[in-house]
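Engineer: Sequence:
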Amino acid sequence: MDEAVLDVIRNIQDLPTLPSVAMEVMTLAKAPDVSIREISECIYRDPPLATKVLRVANSTFYRRGSQEIETLHRAILMMGLGEVIGITTSVSVLSLLGARDSRGASMRASFWNHCVATGLIARRIDRKLGMKSQGRDFVGGLLHDIGKIILDGYFHDRFEQACELSSRRRCPLHLAEQEVLGTTHMEVGHYLTRKWNLPPYLVDITLHHHHPDKAQFRDLTALVSMADLLAKARDLSCCGDTPPFVLKDQEAWETLVKLGYPMDGLDVERITFEIEDIAQEVEAYITTASEAAPEAAHG
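Position 298, counted from 1, in the sequence shown is what my numbering calls 304; the numbers after and before it change by one each time, with no gaps.
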């Protein structure tokens, strides 16, 4: 990373930080003997967050069956700890990182549309490949481009130049960023996820989602990388970053083949058809995860 850019980021006084409850939940989840009660009690200490988590858990994206999930304890029992932690992380980040000002509002909207689409598509591919990522697929998609938020918020004019260069040349945005800024959204995202002390798989995805074969968590990173490309193919991109591609020729596909996943049975045309209306799902998810709500029921 360019040292001048890094120095600016290090000295940003209002650099976003995740809510303390979300940070504590992720820390607790690392403990081998953590109980469901400990996790649910932690989330309930932030009532608006708890309400949003329950709302998303009851949405069409997660709900199984007709019975409403009324408590976080039941949500964890029914969905698994990984999924609930994923929802907690996603609603925390969506609530935290709104547009800083009017000039960034349009970019911020397209950013979240792209990232939520990437997460939703990653969930679908995960299920088709039997990867059982337990919510890490969606959170990885949601946060893979988080460095763009910092570049847009604190280096807006130069980041805009990089976006224009990417669009004009039809080249990947990170190459244009390197030329204009001397760094990339991957490097900035890597710095931010480490500063937030996020799980290692998220640190890995932010840094390597354009080169998943270099990652430690190669399966998750390749999954997010594929979903990232498919979201762009549905015109859910950010900053004009839509270079043409053939999915089976991509490093992400080749990485998953090397890891032994049944890629021959993955019908790309069917996936493309299934995500044709992904924009509507994206809008519904963002609305569900972002809107204010009354205090959550405890239990």
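Check before you lean on any hint, since a few could be wrong.
Calculated cross-link-like contacts (lysine-lysine; reagent style DSSO-like; alpha-carbon spacing at most 27 Å) [stated by the list, open to error]:
1. K201 with K264
2. K134 with K220
3. K238 with K134
4. K138 with K264
5. K254 with K36
6. K201 with K134
7. K238 with K138
8. K254 with K220
9. K238 with K36
10. K238 with K254
11. K138 with K254
12. K220 with K201
13. K264 with K254
14. K134 with K264
15. K264 with K238
16. K201 with K254
17. K254 with K134
18. K220 with K238
Simulated DEER-style distance windows between Cβ atoms [as the list claims (entries may be wrong)]:
19. F251 with R51: 38 to 48 Å
20. D255 with P54: 20 to 30 Å
21. D39 with D255: 22 to 32 Å
22. D13 with Q286: 38 to 48 Å
23. Q73 with P53: 17 to 27 Å
24. P54 with V252: 41 to 51 Å
25. H162 with L265: 17 to 27 Å
26. S72 with R176: 19 to 29 Å
27. R276 with D255: 13 to 23 Å
28. Q167 with D13: 13 to 23 Å
29. E282 with A37: 41 to 51 Å
30. D273 with R51: 24 to 34 Å
31. F251 with E74: 23 to 33 Å
32. C177 with S41: 20 to 30 Å
No lab work stands behind these hints: they were computed from the structure.
Every residue, glycine too, gets a C-beta built ideally from N, C-alpha and C.
Engineer: State the violated hints by number, sorted upward, taking the hints as numbered earlier in the document.
Structural biologist: The structure breaks hints 1, 5, 6, 9, 16, 20, 21, 25, 26, 30, 31 and 32; every other hint is satisfied.
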